[in-house]
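Sequences are here, hints too, so could you generate the full structure?
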Amino acid sequence: MTTLTALLLILLILMIIVGGKTGFKSYLSVVINACLLILVALLISWGVNIVLVGVIFIPLKLLTIIYLGTHDYTVAKNAFLTALCVSLIVMLIIILFENLAQTQGFGDQAGEELIGLSLNVGISFSQIAILVAIFSMLGAIAEASVAMSAGLLELKRHDPNITQEQLIRSGNEVGADVLGTAMNTILFGLFGSFLPIFIWYVRLNYSLFEILNDKLFVDEFLIIVYSFIGVLLTVPLTIIFLAHTLTNKENKK
Amino acid sequence: MKKNAKIWLSLAVLFVGIFFTLITYFSTAFASKPIAVITDRQITDTLVDKTKDNYENKDEVRQQNLHLKILSGKYKGKTFLVTNTYSPSQAVSQKYRPHQRVIVSFIKGKPKLVEPKRDWVVVLSMFLTISVIVLITGKQASLLLISMILNSIIFYFVIKSDVKENGTRIFLIYSIAAILFTFISLVIVQGFNQKMLVTLTATLLGVFVSFGIFYLVMRVTHERGIDYEAVDYATQDPRALFLSQTILGVLGAVMDEATDIVSSLYALAKHKSELTFKELFISGRTLGQEIMGPLINVLVLIFMAEALPMTILYLRDNNTLVYTFKYTLSLGVIQSLSSAIGIVLTVIFATLSSAVFLKNKKAEVVEK
Numbered sequence: 239m240t241t242l243t244a245l246l247l248i249l250l251i252l253m254i255i256v257g258g259k260t261g262f263k264s265y266l267s268v269v270i271n272a273c274l275l276i277l278v279a280l281l282i283s284w285g286v287n288i289v290l291v292g293v294i295f296i297p298l299k300l301l302t303i304i305y306l307g308t309h310d311y312t313v314a315k316n317a318f319l320t321a322l323c324v325s326l327i328v329m330l331i332i333i334l335f336e337n338l339a340q341t342q343g344f345g346d347q348a349g350e351e352l353i354g355l356s357l358n359v360g361i362s363f364s365q366i367a368i369l370v371a372i373f374s375m376l377g378a379i380a381e382a383s384v385a386m387s388a389g390l391l392e393l394k395r396h397d398p399n400i401t402q403e404q405l406i407r408s409g410n411e412v413g414a415d416v417l418g419t420a421m422n423t424i425l426f427g428l429f430g431s432f433l434p435i436f437i438w439y440v441r442l443n444y445s446l447f448e449i450l451n452d453k454l455f456v457d458e459f460l461i462i463v464y465s466f467i468g469v470l471l472t473v474p475l476t477i478i479f480l481a482h483t484l485t486n487k488e489n490k491k
Numbered sequence: 062m063k064k065n066a067k068i069w070l071s072l073a074v075l076f077v078g079i080f081f082t083l084i085t086y087f088s089t090a091f092a093s094k095p096i097a098v099i100t101d102r103q104i105t106d107t108l109v110d111k112t113k114d115n116y117e118n119k120d121e122v123r124q125q126n127l128h129l130k131i132l133s134g135k136y137k138g139k140t141f142l143v144t145n146t147y148s149p150s151q152a153v154s155q156k157y158r159p160h161q162r163v164i165v166s167f168i169k170g171k172p173k174l175v176e177p178k179r180d181w182v183v184v185l186s187m188f189l190t191i192s193v194i195v196l197i198t199g200k201q202a203s204l205l206l207i208s209m210i211l212n213s214i215i216f217y218f219v220i221k222s223d224v225k226e227n228g229t230r231i232f233l234i235y236s237i238a239a240i241l242f243t244f245i246s247l248v249i250v251q252g253f254n255q256k257m258l259v260t261l262t263a264t265l266l267g268v269f270v271s272f273g274i275f276y277l278v279m280r281v282t283h284e285r286g287i288d289y290e291a292v293d294y295a296t297q298d299p300r301a302l303f304l305s306q307t308i309l310g311v312l313g314a315v316m317d318e319a320t321d322i323v324s325s326l327y328a329l330a331k332h333k334s335e336l337t338f339k340e341l342f343i344s345g346r347t348l349g350q351e352i353m354g355p356l357i358n359v360l361v362l363i364f365m366a367e368a369l370p371m372t373i374l375y376l377r378d379n380n381t382l383v384y385t386f387k388y389t390l391s392l393g394v395i396q397s398l399s400s401a402i403g404i405v406l407t408v409i410f411a412t413l414s415s416a417v418f419l420k421n422k423k424a425e426v427v428e429k
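Line by line, the protein sequences are chains U and C.
Under this note's numbering, the final residue of the first sequence carries the number 491; numbering is consecutive throughout.
Under this note's numbering, the final residue of the second sequence carries the number 429; numbering is consecutive throughout.
Heads up, some of the hints might be wrong.
As the list claims (entries may be wrong) - Cut-off 30 Å, straight-line C-alpha distance, at most; resulting in silico cross-link-like pairs (DSS-like, lysine-lysine):
#, chain 1, residue 1, chain 2, residue 2
1, C, Lys-169, C, Lys-130
2, U, Lys-394, C, Lys-169
3, U, Lys-394, C, Lys-64
Hints listed in this document are in silico derivations from the structure and should not be mistaken for laboratory results.
Quick look at the structure:
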């Protein structure tokens with residue numbers, strides 16, 4: 239058995255023990271998500287239009303993360319709408335900054351890995367860079383919006399007569415907690431994934447100026463920025479969405 | 062903080078940011094390499110060749126003729142004509158734009174384009190983020206920023222000691238790092254109190270136990286299917302590098318989850334006076350179920366999306382899916398899986414450690 243299969247099995251068993259039926263659904267959502275990413279790579283390599291791939295797969299990934307990961311329908315619906323709105327806003331920021339920074343493709347450091355590969359492959363690595371940036375932040379946004387919606391709906395359930403003003407105030411408190419921890423997840427996740435390149439900089443004595451202009455560093459820095467802004471925007475947008483839907487329901491009564 | 066104050070402060074940060082961005086953009090004082098500006102209003106761009114590789118991928122080779130005015134260094138003030146060859150897919154080549162500022166290097170008195178100047182984009186995006194943080198979190202912004210700055214400083218020293226030990230003793234270095242990262246992040250956000258200590262215990266248990274399991278599985282399966290050649294940018298023992306990456310990756314997510322569960326259970330224990338252990342356990346598990354899935358997906362996306370360009374290139378060059386997966390994605394997937402195991406286990410650890418809150422209550426009752 240390979241290490242990969244062994245880990246996959248252990249995770250499945252643990253998730254079923256801890257999570258029961260929801261755990262199994264979450265497991266499926268993780269597997270489907272990973273497979274979707276591979277499918278994206280395949281489609282693009284077959285020459286399918288990258289913008290089209292984005293338009294289809296961005297909402298699809300949010301759907302699988304949010305709907306399969308949570309079992310409360312109201313939480314899921316609110317989280318999905320919020321996450322979709324935030325993604326659209328951050329997408330504009332991504333397109334702007336990717337254009338300014340021009341960090342598409344591979345850095346000089348990748349030289350060794352590119353040996354033997356044909357590099358003039360006729361697909362736009364600028365567009366791929368934008369898609370990668372969007373995918374990297376989608377998870378963080380989905381997670382934050384689920385946490386926010388779940389927290390606020392819980393409040394509403396315990397105290398059905400809560401006013402909109404109180405809801406907004408509590409929403410800000412929940413938001414503060416969610417933000418503090420979500421930012422850590424992003425920061426350490428990226429510390430981990432880019433550890434080798436930082437060691438590279440230190441070993442080869444890069445100056446601060448060289449690091450700040452290096453393609454890979456700027457690329458990574460911008461991904462942190464997009465994820466942070468996305469998670470930040472999630473907090474007020476969740477509150478606005480929830481306050482809106484909850485008051486609408488009351489009017490109907 | 063009042064709403065208006067937040068908006069003004071956030072705007073002020075943005076303006077300061079634009080000021081610094083302009084300084085970084087125009088300044089040549091901090092540059093360790095010569096800087097030049099492209100003076101052409103329109104760059105002549107000619108088609109040199111239409112290429113077709115062994116895999117029937119069609120692309121072009123194009124050439125730009127640029128006029129460069131050197132802004133710093135020995136050749137300051139001189140103008141040169143240089144050519145830049147690129148292909149529109151821009152995998153490793155670069156297309157330059159009119160009036161762009163670029164970094165150059167001189168070889169035998171002739172300038173060579175290195176790359177576009179990007180530092181100002183970093184400054185601009187950093188201040189934009191700070192301004193959004195201030196706008197949305199108000200007072201809390203300073204805490205968030207301090208926590209991030211301190212963690213980055215620790216990260217710097219971790220790398221320094223890693224390089225000093227040349228990739229050995231990584232268990233020691235990264236274990237200490239994990240403890241420091243957790244302690245500092247939690248103290249800053251929650252303060253030093255019982256709740257924070259419970260979160261700290263749950264987080265560290267989650268990280269170390271899951272890493273232990275991961276390491277055990279690796280040994281038992283004889284690391285079959287892990288190809289350390291595929292570790293990117295390795296300047297030291299790739300296996301050590303891979304293990305260190307795994308510890309760091311799992312840390313953030315586990316801390317996130319432990320904080321969520323412990324805080325909610327703390328509030329619950331405070332709210333409900335006759336809470337039993339069983340009720341607490343069930344609540345913790347329910348919360349955990351809800352957060353688990355999305356959190357694992359965050360890491361899957363971070364670890365896998367990064368490898369997407371290389372994956373596409375491999376596939377485009379007619380490699381099979383199995384071969385491509387092995388060299389570009391398998392390590393990321395293994396890392397996400399070990400983090401995922403940590404995330405699932407933390408549900409249990411966080412709930413069990415929260416049982417301390419129940420004992421508190423009994424003590425209080427006895428005192429009364």
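Please flag the earlier hints that this structure goes against, numbers listed from lowest up. 2
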